[in-house]
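Please construct the entire structure, taking both the sequences and the accompanying hints into account.
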Amino acid sequence: DSGVTQTPKHLITATGQRVTLRCSPRSGDLSVYWYQQSLDQGLQFLIQYYNGEERAKGNILERFSAQQFPDLHSELNLSSLELGDSALYFCASSVGGRTTGELFFGEGSRLTVL
Amino acid sequence: AQSVTQPDIHITVSEGASLELRCNYSYGATPYLFWYVQSPGQGLQLLLKYFSGDTLVQGIKGFEAEFKRSQSSFNLRKPSVHWSDAAEYFCAVGSNFGNEKLTFGTGTRLTIIP
Chain A
1 DSGVTQTPKH
11 LITATGQRVT
21 LRCSPRSGDL
31 SVYWYQQSLD
41 QGLQFLIQYY
51 NGEERAKGNI
61 LERFSAQQFP
71 DLHSELNLSS
81 LELGDSALYF
91 CASSVGGRTT
101 GELFFGEGSR
111 LTVL
Chain B
1001 AQSVTQPDIH
1011 ITVSEGASLE
1021 LRCNYSYGAT
1031 PYLFWYVQSP
1041 GQGLQLLLKY
1051 FSGDTLVQGI
1061 KGFEAEFKRS
1071 QSSFNLRKPS
1081 VHWSDAAEYF
1091 CAVGSNFGNE
1101 KLTFGTGTRL
1111 TIIP
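Each protein sequence line maps, in turn, to chains A and B. For the first sequence, our numbering gives the first residue as 1, with consecutive numbering after it. For the second sequence, our numbering gives the first residue as 1001, with consecutive numbering after it.
Since the hints were derived computationally from the structure, they do not count as laboratory data. Owing to the predicted nature of the structure, the values given are computational and were not obtained by experimental measurement. Heads up, none of these hints are tricks.
For each label pair, taking beta carbons as the anchor points, the in silico distance ranges come out as:
| no. | chain 1 | residue 1 | chain 2 | residue 2 | range |
| --- | --- | --- | --- | --- | --- |
| 1 | A | S86 | B | P1040 | 15 to 21 Å |
| 2 | B | G1062 | A | Q67 | 39 to 45 Å |
| 3 | A | L114 | B | D1008 | 32 to 38 Å |
| 4 | A | G58 | B | P1040 | 22 to 28 Å |
| 5 | B | P1040 | A | S27 | 24 to 30 Å |
| 6 | A | T7 | B | A1029 | 37 to 43 Å |
| 7 | B | A1017 | A | D1 | 27 to 33 Å |
| 8 | B | G1053 | A | L114 | 46 to 52 Å |
Calculated cross-link-like contacts (lysine-lysine; reagent style DSS-like; alpha-carbon spacing at most 30 Å):
| no. | chain 1 | residue 1 | chain 2 | residue 2 |
| --- | --- | --- | --- | --- |
| 9 | A | K9 | B | K1049 |
| 10 | A | K9 | A | K57 |
| 11 | B | K1061 | B | K1049 |
| 12 | B | K1049 | A | K57 |
| 13 | B | K1061 | A | K9 |
| 14 | B | K1049 | B | K1068 |
All residues carry an ideal CB built from backbone N, CA and C; glycine is no exception.
The structure is reproduced here in structure tokens:
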């Protein structure tokens, strides 16, 4: 158990819909990262938040947005969903700052868009 | 931009045999290198990391990796694999402390046969 909690574990929805994925980081971790894992793209970095502020941005679509709340949990919002958005979405956390660089991953949220 | 190549998509080895998974990276400065393992239905777990110093690093579960700057490689090895090592293995490169965004390779799926 990494200490990172993601909900929901599975989600099935239709094209054009909007979903929210939630992540609770390990206790004490200030950074949260979102990754998308799909068969054709592999593991792609989406976005990082550190203590509530956006820290780094990767290949995140404009239809996607994220935020980190004062209690440090994070949400990834995916809107106007397309079939190609079907993937496993991972959240990871780390202490942040000048640390070991070790990320602790949740078990992921599997999104299926029909 | 940093990148990682894992040339082997799938490797099959016999239980008790030795293992080497290949990883090549591209990065302009001294890289921070990682190997993560993903068991079925699980998130990623850190096996080992290299920041500096001794180029042979030891990790958990009996794994080790060697950093070779001249070859831009960071291959993962294990002298004797166990059936429980069957999983997907990801090599990753990080940029600098303070921003722990990792770039992952496409992964190598390891199958163990009796």
